[in-house]
Amino acid sequence: MSIYLPIAELSVNIFVILGMGAAVGFLSGMFGVGGGFLITPLLIFYNIPPAVAVATGANQVVASSISGALAHFRRGTLDIKLGLVLLVGGLIGATVGIQIFSMLRRMGQLDLIISLLYVIFLGSVGSLMLWESINSIRRAAKNDPVPLRKPGQHNWVHRLPFKMRFKRSKLYLSVIPVIFLGFAIGILTSVMGVGGGFIMVPAMIYLLRIPTNVVIGTSLFQIIFVTAFTTVVQAATNYSVDIVLAWLLMIAGVIGAQYGVRVGQKMRGEQLRAGLALLVLAVGIRLGFDLVLPPDEIYSVVSGSFGF
Amino acid sequence: MRAFAIIPVLAAFFCAPALAQLADPSVTINDKFSERIDIGISTNEIAIASDFSGADITVFGAIDGADELLLATFAYDVVVALEGPRQSTTVRRKERVAGIWVNRHSIRFEPIPASYSMSSTRPLPNIANLMELASRDIGINNIRLVPTGGVGDGSRLTEFRDALRRIKQTSGLYQRDPTGVQFISKALFRASVRLPANIPVGQHTVRAVLYKNNQFVMEKVIPLRVVKTGLEQFIFNLAHVHSLAYGLIAVLIATITGWLGSVIFRKD
Numbered sequence: 001m002s003i004y005l006p007i008a009e010l011s012v013n014i015f016v017i018l019g020m021g022a023a024v025g026f027l028s029g030m031f032g033v034g035g036g037f038l039i040t041p042l043l044i045f046y047n048i049p050p051a052v053a054v055a056t057g058a059n060q061v062v063a064s065s066i067s068g069a070l071a072h073f074r075r076g077t078l079d080i081k082l083g084l085v086l087l088v089g090g091l092i093g094a095t096v097g098i099q100i101f102s103m104l105r106r107m108g109q110l111d112l113i114i115s116l117l118y119v120i121f122l123g124s125v126g127s128l129m130l131w132e133s134i135n136s137i138r139r140a141a142k143n144d145p146v147p148l149r150k151p152g153q154h155n156w157v158h159r160l161p162f163k164m165r166f167k168r169s170k171l172y173l174s175v176i177p178v179i180f181l182g183f184a185i186g187i188l189t190s191v192m193g194v195g196g197g198f199i200m201v202p203a204m205i206y207l208l209r210i211p212t213n214v215v216i217g218t219s220l221f222q223i224i225f226v227t228a229f230t231t232v233v234q235a236a237t238n239y240s241v242d243i244v245l246a247w248l249l250m251i252a253g254v255i256g257a258q259y260g261v262r263v264g265q266k267m268r269g270e271q272l273r274a275g276l277a278l279l280v281l282a283v284g285i286r287l288g289f290d291l292v293l294p295p296d297e298i299y300s301v302v303s304g305s306f307g308f
Numbered sequence: 001m002r003a004f005a006i007i008p009v010l011a012a013f014f015c016a017p018a019l020a021q022l023a024d025p026s027v028t029i030n031d032k033f034s035e036r037i038d039i040g041i042s043t044n045e046i047a048i049a050s051d052f053s054g055a056d057i058t059v060f061g062a063i064d065g066a067d068e069l070l071l072a073t074f075a076y077d078v079v080v081a082l083e084g085p086r087q088s089t090t091v092r093r094k095e096r097v098a099g100i101w102v103n104r105h106s107i108r109f110e111p112i113p114a115s116y117s118m119s120s121t122r123p124l125p126n127i128a129n130l131m132e133l134a135s136r137d138i139g140i141n142n143i144r145l146v147p148t149g150g151v152g153d154g155s156r157l158t159e160f161r162d163a164l165r166r167i168k169q170t171s172g173l174y175q176r177d178p179t180g181v182q183f184i185s186k187a188l189f190r191a192s193v194r195l196p197a198n199i200p201v202g203q204h205t206v207r208a209v210l211y212k213n214n215q216f217v218m219e220k221v222i223p224l225r226v227v228k229t230g231l232e233q234f235i236f237n238l239a240h241v242h243s244l245a246y247g248l249i250a251v252l253i254a255t256i257t258g259w260l261g262s263v264i265f266r267k268d
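Just so you know, the sequences run in chain order P and C.
Note that the numbering used here has the first sequence beginning at 1, numbered continuously upward.
Note that the numbering used here has the second sequence beginning at 1, numbered continuously upward.
In short, the hints are calculated from the structure, not lab data.
Predicted model only: the values in this text are computed from it and were never measured.
Ideal Cβ placement from N, Cα and C applies to all residues, glycine included.
You may find that some hints are simply not true.
Quick list of simulated restraints, FRET-style, between CB atoms [claimed, not checked]:
no.	chain 1	residue 1	chain 2	residue 2	range
1	C	T148	P	S127	41 to 49 angstroms
2	P	N47	C	T148	26 to 34 angstroms
3	C	I256	P	M107	33 to 41 angstroms
4	P	Q265	C	I256	25 to 33 angstroms
5	C	L238	P	K170	40 to 48 angstroms
6	P	M107	C	L71	50 to 58 angstroms
7	C	I256	P	Q99	26 to 34 angstroms
8	C	I256	P	I205	30 to 38 angstroms
Use the sequences and the hints to build the structure in full.
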């Protein structure tokens, strides 16, 4: 059964879209990620114009991160004050990102930059995660104790000025790196259509030394607002948010995520991380091949709104 | 797939005086000939609903004042083309830079029909000579592609034009059926033109051109609007006219969907 997408201006198979949403929802529930980094490339593979895929991906992430953030809020694993500081940077970053997005689109380099960013980020984050998870699987096999983080340990980040007390995270931390991290993630949200959790979570844990239990809830909290803001600004400047496509993805994604969570709870942490790492790498490599392999058609045509 | 039923409008040309036709901008006439062509379609609007996957439209028409003998020897040829709204179009060419395929060169063309679906009685080269066809923009290879702005040394222009035509054809936006016009009685013909699933919305035109012994006789143009219907139209308008409100609604829907998901599947 085909359905016409009013903004992308093409007919797609409704079951393919629902299947995509459910599969990504399942994986995001299982691994505890937003899923934007999977949805946007999948939509591009399915011939949705990249401009629409990115803006619609951001809209879809709003729904999936609200579900997650509410669960963390109920459990008390969400630092709202820290989230708000991240958000300040995130909103500035998203505003800058949208300008970059529009400029790249005018120059005809948007598709290339989106693909390049995905290859770089998915490739590096995927490799790091795979390396880390293989090491912990090895350690677990040898029964070595996992080295724990010493609470008193500090790095250069903790010597910066403008410190602020975050009670729930039990931290006394400069706002500069927090705002900067939010800013960087905000740019990625608007250019790549991702929530950015897959970069923000490791950065918060390893760079800012924020306790792991509040990291996911807090990052989801800031992702909600940055992706919501990005959706509104994309809609207002690039007219590229497809509400029908986004809604189909959300519905399937929210349902798929519930089953993913159940499967995820039965698996071991390091196995989960290795699985996620492989998935991230696979998407990155696939996009990388498209950049390097000679294309079937070296010409492309853009007329009207999004081209084809 | 749906077919749009068409009613022949035969009555019109028996009573239409020649003078009135001359004043009509939708008609071009070669005064050397007395034959006239007219066409009709049952609807001047095609609606794209959510299950639209392309459609065939049938155009009926007649040659008025046709010579019986010439009809019998197939001296008359008809070309029917459905032209989409004109859009300025950019063609980009990828090149390998540091191992990666990057858009390097681009040429922008003056507005060309976004879609072009053509049917004829015979293949075009048998109907008229190239100059004649090109002067009237008839046929995919004869649509005028005029570059705007700089084209460098111009040596690539032909490649870019070919690429544009090729891509338009592979995407289904440009298509032709060299035997799509058939005479159903002596002077009455039927032409079927295909609307692709990705047809652009807006003002289209149906052009019917009559040739006699390879010479242009007359052209008749009628408008055809392609519109999105109901919800699709509403969403498209909202997104373009009230884009801020549209963005806020998109976020609201996401919020409600996400919240409902967390409430319905809440385990604790």
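**Prompt:** Hint by hint, which ones does this structure get wrong, listed from lowest number up?
**Reply:** Every hint satisfied by this model.
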